[in-house]
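**Q** Which chain is which? The protein sequence lines are E and W, in order.
Here the first sequence is numbered in our numbering, starting from 7 and rising by one per residue.
Here the second sequence is numbered in our numbering, starting from 1017 and rising by one per residue.
Just so you know, not all the hints are guaranteed correct.
[What the hints assert, rightly or not] Which stretches of chain E does chain W cover? Using the computed rule of at least three CB atoms under 8 Å from a CB of chain W, they are: (1) 28 to 35; (2) 67 to 79; (3) 87 to 93.
[Stated by the list, open to error] Computed list of chain E residues with no C-beta within reach of chain W, every gap over 12 Å: (4) P11; (5) S18; (6) D61; (7) E215; (8) P240; (9) G294.
It should be emphasised that the hints constitute simulated quantities derived from the structure, not laboratory data.
Glycine included, C-beta positions come from ideal geometry on N, C-alpha and C.
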Amino acid sequence: MNGTPHDPARLSPQALEALEETLAAHALGALPEAEAQAVGRHLATCAACRAVTADLTATVALLATVPEPAAPSAAIKERLLAAARAEQASGGTAAPDRAPTRLPQAEPGLVPTPGSEPASGAAPLPPGEPGATVAPLPFPGRARRAPRSQVARRAAWSPWAAGAAAAVLVALGMGIWNAQLRGELRAQQQETALIQSARQAWALAPTPEGRGGRGLLVERAAGAPPVLLLQDLPRPPADRTYQVWVIRDGPPASAAVLQPGAGGQQVIELQQDLEGARTVAVSVEPAGGSPSPTGPVVLAGNL
Amino acid sequence: MDVASASDEALMQALPQQIEALDALYERHNRAAMGLALRMVGERETAEEVVQEAFLALWRNAGRYEVGRGSVRTWLLSIVHHRAIDRLRGRAPLSPLPEDLGPDTSTPDVWTLTAQRLDREVIAEALSALPQEQRQAIELAYFSGLTQTQIASALDLPLGTVKGRLRLALGRLRGLLRDRVGADA
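With the hints as constraints, model all of the structure from the sequences given.
**A** Shown next as structure tokens:
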């Protein structure tokens, strides 16, 4: 299926049937991802197929009501409303069509930096949580590995209980992401999904060797890979790339390699889980990545 | 606003500001959402995650809802379906929301509007009135989240047969229900 609009009157009966089959499968969500996307692009250009699809979609939508209704546990409503309130408090609730065209700058202090307290405007931490600060990572710059005593120095970030994680995440970090990425639907969907599935979150702060930027590491529900949100990362030279490392007791394990020259805002799924992880760090490496860190570490956070 | 007596559409318009509106919509539709999610993912905890995600997506995207394009319930359930499919296919829940969330200036046809008023029992009845092989194909696609290729493989059928069954099933279902709408009208 391509971008050329169809004229149903000029299609052979066989071609029409094949087209209807594709649109029916698409309406049911039964096409493989790539084909579904191709159909989606075609629909943007073809009024005839859009009309058929609207009809099919209306029929498919009826299937949603067939299952016997069931009650979710009461905690779900509480969590939903808490997440909505937290987001509202962080000022990140504007619907996409009400978003400003110029993106506001991140408010300083929402993501704690070394030695800083959360800004007074930030939502308070849950009672009993320690003040959040992130120590610069004593991760080796060009050396193979720092002595354990250094790596093991733990920052004051404590993992949050799953129930509180979403709300705190919103208050501390997602407000910034929300503000800066607002208007980009995909990013917003990603945030929604992330907020929903967040179990714990940690900030990654720039190291003395870094040139700014920051990160938010999000551990999600079981089975979903952790995600690292990167912001304001300076672009590396075209032949260099950012690489993400998860550091446990052994040598750093590569968790993601960004595209050469890619910086700015990135949302990255890590290829490593955080089981036993002590530190997550981002270093500058040759394009294509490196088996072990060789370049300067620019962002790091201890878990 | 009196949330108890407000229409779903009015609640949607109040959403970004009023948490009470979200609360009210949740009270009205959580059981249908959970029913669908549970039927699809088969496990309570995951189904509840899907429900929570779907309502939050509804809340955050309320500004994109257009009165007259379809019911809030239909929209919500399409989000539930989409998110449940993400789970079934092992995808991170990051895929785009259903297309009918997107801007669309087309006017819904009569079928789209009348179909939304059909009762659950009537729809279930029509589904069970389909020939068994068509019902099976549609259930594997819609509720089990299988692609047509996976259905063909699961049933050991040629892909073309599955495609044909899905098309016929939807066409027949529509026919049965349209007759029903006509009969009620």
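**Q** If a hint holds in the structure, say so; if it doesn't, say that too.
**A** Verification of the hints:
no., hint, verdict
1, 28 to 35, "holds (count 6)"
2, 67 to 79, "holds (count 13)"
3, 87 to 93, "holds (count 5)"
4, P11, "holds, 15 Å"
5, S18, "holds, 16 Å"
6, D61, "violated, 6 Å"
7, E215, "holds, 31 Å"
8, P240, "holds, 26 Å"
9, G294, "holds, 24 Å"
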